Every structure is written in C-alpha cells, then in structure tokens.
Amino acid sequence: MQKIKYKYKFDDRYNPKFINGAIGGVSPQGEIIINFYLERTSLPITQTFDINKSTGIGQLSVTEPKDIENSFIRYIENGVVMNYKTAKEIHRWLGEHIKNLEKLDITK
Amino acid sequence: MDGTRLLNSTLLTMGLVVTSIPSNTVGATPLNTLASTVKYDGSIFTTRFLSQNSYSLDKLKFNKQKLKTYKNLKKKWDGYDGDEFDEDVIHIVECILSDLTIQPQVFPTSRGTIQIEKYFTDENFYEIEIGKDEIFAYIVTNEEEIEREVEIEELISLLSNLNV
Chain A
1230 MQKIKYKYKF DDRYNPKFIN GAIGGVSPQG EIIINFYLER TSLPITQTFD INKSTGIGQL
1290 SVTEPKDIEN SFIRYIENGV VMNYKTAKEI HRWLGEHIKN LEKLDITK
Chain B
2 MDGTRLLNST LLTMGLVVTS IPSNTVGATP LNTLASTVKY DGSIFTTRFL SQNSYSLDKL
62 KFNKQKLKTY KNLKKKWDGY DGDEFDEDVI HIVECILSDL TIQPQVFPTS RGTIQIEKYF
122 TDENFYEIEI GKDEIFAYIV TNEEEIEREV EIEELISLLS NLNV
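Note that the protein sequences, when read in sequence, are chains A and B. Sequence positions in the first sequence follow this note's numbering and run 1230 to 1337. Sequence positions in the second sequence follow this note's numbering and run 2 to 165.
Derived by calculation from the structure, the hints in this document are not laboratory data. This structure is a prediction, so every number in the text was calculated from the model and none was measured. Keep in mind that the hints are not guaranteed to be accurate.
To be verified - Just the calculated beta-carbon pair ranges, DEER-fashion: (1) B:K75 - A:H1320: 33 to 39 angstroms; (2) B:D123 - A:E1325: 27 to 33 angstroms; (3) A:K1238 - B:F108: 44 to 50 angstroms; (4) A:G1254 - B:E145: 39 to 45 angstroms; (5) A:V1291 - B:S161: 58 to 64 angstroms; (6) A:S1271 - B:Y139: 57 to 63 angstroms; (7) B:F108 - A:D1241: 53 to 59 angstroms; (8) A:Y1313 - B:E124: 26 to 32 angstroms; (9) B:S52 - A:S1271: 46 to 52 angstroms; (10) A:E1298 - B:S52: 51 to 57 angstroms; (11) A:I1297 - B:N73: 55 to 61 angstroms; (12) B:D123 - A:K1236: 34 to 40 angstroms; (13) B:E124 - A:I1262: 40 to 46 angstroms.
Glycine residues also receive a C-beta, built at the ideal position from the N, C-alpha and C atoms.
Here chain B stands alone, though its shape is the one from the complex (with noise of 0.2 angstroms):
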C-alpha cells in the first residue's frame, strides 16, 4: 500500500476501525501507528438507544436529596446500633448515581454504608453496598453473575450498560 492511499485509509479509519496495517511497515508514521491500536467497538460508535427511564433528572435528585438526609442520621439512627453516614460514603454514592443510566434505590444500611439496587427482571438486576473503604458488588446478567469488591469505575462501565 502506498503512503498516500495508507494515509487516506488511516484517515478514514481513526477512531472507528483498526487499520490491517501492522505497525512494523515501513514508512509508517506515528498516526498510523495511532490508528492501528484504535480498536474498534461498535456498542460506542453511537451514542445508545435509551429507554425512556434514562437519566431521569427527577429522579436523580430524588436520590441526591434522599442521601442529604443521610448526613443528619446519628448513631443508633435505626434504633438499634445503626452507624453514622460518613461524608465520604456519600460523596461517592452521590458520582456513583451521576453517572448511572437508570436511577437505582437508594438505602441506608446499619453498617454506615449505602446500598443502591435496581431490578430489570429475575436474571437482571443488581445490588452494591457502598462503603468507606470497599464497594461490594452482586451483578445479575443474562450472561454472568458477578459477587465481589469493585472499583467505581469498573461499577460504572458494569451498570452502564444494564437494560439501557
């Protein structure tokens, strides 16, 4: 392939598609080498079909209000030895829910940590309790059954993409 048409391709190409150019060819610039570790993902090509439950304004700041009142719970909240909220805890409930699709619901636990949980159908739902120091995971796919500690990132790109 000459250089010109390897450039038009490359062009064309950036950002959608992994060019069949191995990045050893001669005379291969650093943009085709940039094009060539593009790897192409169709489900982020476009923008996604949403439903008509996502991003809910309203209720993302049902959810934002229903953790205000978290920060005015005191220890024995529940009655019993329930744990204050800690700001932190809260913070990161309070991103967690910005970036998710679907609202959730939103529950305070006796442990100081917040639970968020949302169910689709029997195969698909989930439930994370969100805590200080670890956020705990069980994710119910069609496809796979995920139970253990994640990163908030990992959450988000996880519940992304559940019943969109």
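Next comes chain A alone, as it looks inside the complex (with noise of 0.2 angstroms):
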C-alpha cells in the first residue's frame, strides 16, 4: 500500500500562548478572521504618592493613565484567516474535542 507522510515544520519562535477571547467575523473576501486576545485588567504605567515628613511615603495621589478603573485590556498578539472550508473542519475538529473533554468522568 502506497503511503504518504507528512512532516511538521515548527517555526524557531513556536510558542502556544494563552488565551481567554476572539474579535473577528467574516471579511470582505469572505474569509474568517479571529484575532485572539488575553483580556486582563489594567495596569498604571506611572502612581504618584505623597511623601508624608514624618511617615515617609503616604497616600497614592495620582494614577495615569486616569481611566485606569474603568478600563480593561484586550491584548492581541495572534490571528488566523481562513477560508470557509478550513473554519468548517477546524470547527468540526474543535467539537471532537470538546465533546471528548466533556464525556471525561472526573470521579473515577
């Protein structure tokens, strides 16, 4: 029987990253665009505290960027597109999977 291998090529800066949401649809070309993003809460780049003489550093005073508690962070690093053959079978395989995940029996 006549066999074909394929080989898996990993680019040098192969490094799965963690992620907890998408933003995408469909493109004008009629692809499917997901851009993977990590969504935390934000961090100041700068707090300013007052110096109290006598106790040393006091109260924080001033936080930039000032809408930094009512703010959150989207951050993207990775994105895919791909046609609709290839989101049909990437979704298909993703449901083997997560219906594979969901018959576990975590109380063997």
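Got two chains here, separate frames each, mind docking them using the hints?
Given below as structure tokens:
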C-alpha cells in the first residue's frame, strides 16, 4: 500500500499562547478572521504618592492613565485568517475535542 | 513514577494519549485522572485531509435553497396525495446539511419526509429519510451496512467520515 508522510515543521519562535477571547468575523473576501486576545485588568503606567515628612511614603495621589479603574486590556498577539472550508473543518475538529472533554468522568 | 515526572507526562499527553497510570495511583491528582481517561483517537488528532468536494459553500447554499422551496409545497403537490412539509423537518434537514462534509442530493417525498442521498461507489453510499419523528438511515460502507432508525448526532458521525 502506498503511504504518505506529513512533516510538521515548527517556526523557531513557535510558542503557544494562552488566550481567553477572540474578536473578528467575516472579511470582505468571505474569509473568517479571528484575532485572539488575552483580557486582563489594566495596570498603571505611573503612580504618584504623597510624601509625609514624618511617616515617609503616604497616600496614592495620581495614577496614570486616569481611566484605569474603568478600563480593561484585551491584548492581541496572534490572529488567523481562514477560508470557509478550513473553518468548517476546524469547527468540526474542535467540536470533537470538546465532546471528548465533556465525556470525561472526573469522579473516577 | 515520582510526582514531577507524573505531572510532566500528564501535561504532555493530555488530550492526546492515554497515560499508563492507573486511576488509583497513590497521589494522583484530578488532572492525572482527567488525562488517564482521555481516549486517544488518531483520526481526530489532526484535521482531516479534505477532497475538493468537501465543504462546498455553493452546494450547501443550493441545497438550502431547494429546502426553502419545499416550504411552499401544498398538499397534493406531486399531483397525487403528497403531504406538506413540516417546518421542523425542513429545519432538521438544514441542520444535518450544515454538518455534512460532502453535500448530498436532496429530494422531497410524498410522505412529507425529505430524502438525502449520496452515491460515492457501489459499496459506499447512503440514503437517509428524514421525517418529523424519525430519521431512517440506509448506509453502506466497505466495512458495514446500516439499515435502521438513527439519532441526528449519530447520523452526522456516521456520514462525516464517508469519502471525505
């Protein structure tokens, strides 16, 4: 029987990332675009504290940026673009794995 | 096997292979237990090699358009005693078609059911009759012949690997 071998070649920078969301949709070319993001709370760029002559560093007086308390970061590092056919197959493949995961009996 | 090796082995194999660690191993964590129950199935490890006909958006749209026309067929649509098509039946068929890798041919029947069929070869084909209360399948593959009532999920699974 004839055989075919697929070789998996990894980019030197290959390093899977953790993501917890995606933003994207259908492109004008009819392809599907997915931009993966990691959503987290914002961190300040600078923080300024008052100095109390007797007790040293005192209360926080200024935080940059000012809207830090009502904003979140969605950090996008990676994205993919795929055609309908590939999207359908990835969707099926993912569904199989999700089903497999859901079948697990963790009480064993 | 010590704890660290056990954990590493589990992380490496999670989702891919069955670990050799019995579930009652002393010190086994829930993660280990999870990994030990994951069944490895090479066929779902990678996405499949698809033929040119796989997932044709044009053919899917064509079939959906056909189904849409069935909604307009009234009683005795075939000139005899043909039944109307229930919205639910049309919806079920639409769902099945969306999940199929290769689009079949779609036909209305006088019983108000919809038949989908695809012939690949004499030993590889299927005919499925979809009604409101029952899906009856006749599937012939190289390995087996199925002729019975099936559930939607099983049907998709049976058909999805036929001549991809």
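Now for the hints, and whether the structure bears them out:
1. Checking the proposed 33 to 39 angstroms range against B:K75 and A:H1320 shows it holds: the Cβ atoms sit about 37 angstroms from each other.
2. The hint said 27 to 33 angstroms for the Cβ distance between B:D123 and A:E1325, and at roughly 30 angstroms that hint holds.
3. Taken as a hint, the range 44 to 50 angstroms holds for the pair A:K1238 and B:F108, whose Cβ atoms sit roughly 47 angstroms apart.
4. Here the CB-CB span from A:G1254 to B:E145 is close to 41 angstroms, well matched to the stated 39 to 45 angstroms.
5. Hint check: A:V1291 to B:S161, Cβ distance near 60 angstroms, so the stated range 58 to 64 angstroms holds.
6. At about 60 angstroms, the beta-carbon gap between A:S1271 and B:Y139 stays in the expected band of 57 to 63 angstroms.
7. Between B:F108 and A:D1241 the Cβ separation comes to about 54 angstroms, which falls inside the hinted range of 53 to 59 angstroms.
8. A hinted range of 26 to 32 angstroms holds for the C-beta pair A:Y1313 and B:E124, which are about 30 angstroms apart.
9. A hinted range of 46 to 52 angstroms for the beta carbons of B:S52 and A:S1271 is consistent with their spacing of about 49 angstroms.
10. Distance hint for A:E1298 and B:S52: a CB-CB separation of about 55 angstroms, consistent with the stated range 51 to 57 angstroms.
11. Between A:I1297 and B:N73, the C-beta spacing of about 59 angstroms keeps the proposed range 55 to 61 angstroms intact.
12. Judged by the Cβ atoms, the range 34 to 40 angstroms given for B:D123 and A:K1236 holds: they are separated by roughly 36 angstroms.
13. With their beta carbons about 41 angstroms apart, B:E124 and A:I1262 fall inside the hinted range of 40 to 46 angstroms.
Of the hints listed earlier, there is not a single one the structure fails to meet.
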